[in-house]
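So the protein lines, in turn, are chains A and B. Converting from the first sequence to our numbering requires adding 14 to each position, the first position being numbered 1. Converting from the second sequence to our numbering requires adding 78 to each position, the first position being numbered 1.
Read the hints as simulated data drawn from the structure, not as lab findings. Quick caveat: nothing in here was measured; it's all calculated off a predicted structure. Be a bit skeptical, because a hint or two may be false.
[Claimed, not checked] Restricting the straight-line Cα-Cα distance to at most 16 angstroms, the calculated cross-link-like pairs of lysine to aspartate or glutamate (EDC-like) are:
| no. | chain 1 | residue 1 | chain 2 | residue 2 |
| --- | --- | --- | --- | --- |
| 1 | A | 85 | A | 31 |
| 2 | A | 51 | B | 179 |
| 3 | A | 85 | A | 70 |
| 4 | A | 85 | A | 19 |
| 5 | A | 118 | B | 141 |
| 6 | A | 51 | A | 97 |
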Amino acid sequence: GENVEQHPSTLSVQEGDSAVIKCTYSDSASNYFPWYKQELGKRPQLIIDIRSNVGEKKDQRIAVTLNKTAKHFSLHITETQPEDSAVYFCAASPPGNTPLVFGKGTRLSVIA
Amino acid sequence: GAGVSQSPSNKVTEKGKDVELRCDPISGHTALYWYRQSLGQGLEFLIYFQGNSAPDKSGLPSDRFSAERTGGSVSTLTIQRTQQEDSAVYLCASSLVNPYEQYFGPGTRLTVT
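Pulled out of the complex, with its shape left as it was, chain B reads as follows (with noise of 0.2 angstroms):
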């Protein structure tokens, strides 16, 4: 079946610049995660949705870092204002449910100039 996608592959934009990241999971899967992946770096996880539950969006670095689950399915991570520390990449994943077994997508590799 479909795994967890992800749009788009790359983005570049100039720093101060809006940009919007979108997450298609796993279809039933209740739980969505985001996290973001420096070059050679770990996990830094950022936000998490579960179900109809209010996200845990303690990981977020900044309020210029804001996501949305729309109908328990689709998510975009928003990043306002962007600035060259963003540059990374953006990694969704999904679980049908937490904390189980996470489906990761290819990622959105953001680069900011």
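With the rest of the complex left out, here is chain A (with noise of 0.2 angstroms):
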């Protein structure tokens, strides 16, 4: 089956700065690619997909860039802030009626 692992498992960052998170899949088969936002105390909420029928994806600060042929996505925050501390988990989804599989999590500190 489908599994993904995420790195780095955690992540420190100055205020201003980027900070990236990388996760590999190994079905290449799987087709949609989305991160979940987990902040301290409250449940993961979704904050951007991809699909693999495209290679990269933007919205404001955030971007998640795929590379199919390598098997591997990433997400990618710019211009940093404080509010942006959170776990972030990566999944990928098998083909067929399968549930996501999730990777094990990032935990990013920004620090102002």
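Join the two chains, each given in its own frame, into one complex according to the hints.
As structure tokens, then:
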């Protein structure tokens, strides 16, 4: 079955710097890749997603890139702010009627 | 509109007791998921319901865990003979269509003493 690896597990950046979180997946037929953000004590929320027919997607300060050949995708956050501090989860959706497979998460700390 | 709701928000139980956790998904969402999240850890998939299809139970950690979804709406996760290692936050999520945009509930924090 699908396996998703996420790196790094923790990341600290200075406010205003960029942050990059990377995920790799094993099933080349996976076709949907969302990113969820979970602030401390709160529920996860979808922040951006990308489908396999697209290489990059942007939404203000966040962007996701997908390399299907290498089977990896990344979350990029520019001009980081303290409110970006959270745990970020990547996920991949295998084909068929199967649920998402999540990575183990990255704890991002933005230092003011 | 109303989001995903879960009850109770907190549950403290003694080892060996049975517990039931409830999830009310967003109306019209065909897919419903249960996850378990231990403190500081990731999202552990438990079970997935899609419409009237047989649920995907591949994530249930033991036969003490079961879940049902009645009428394609409300779901109940039951843990029998609870153990201390069952202590965690249990999250429910629903989506209009799997696998797109899962909306999570606030979770039930289960503590087994």
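Against the structure, the hints come out as follows:
With a C-alpha separation of about 26 angstroms, the suggested pair residue 85 of chain A and residue 31 of chain A falls outside the 16 angstroms cut-off, and the hint is violated. As the CA atoms of residue 51 of chain A and residue 179 of chain B are separated by approximately 12 angstroms, the hinted pair is consistent with the 16 angstroms bound. With a C-alpha separation of about 14 angstroms, the suggested pairing of residue 85 of chain A with residue 70 of chain A holds against the 16 angstroms cut-off. The hinted pair formed by residue 85 of chain A and residue 19 of chain A meets the criterion: a straight-line CA distance of about 11 angstroms does not exceed 16 angstroms.
Between residue 118 of chain A and residue 141 of chain B, the direct Cα distance comes to roughly 25 angstroms. Violation of the 16 angstroms bound is thereby established for this hinted pair. Of the supplied pair hints, the one linking residue 51 of chain A and residue 97 of chain A holds, its CA atoms being roughly 11 angstroms apart against a limit of 16 angstroms.
Figure legend: structure checked against the earlier numbered hints; hints not met, in rising order: 1, 5.
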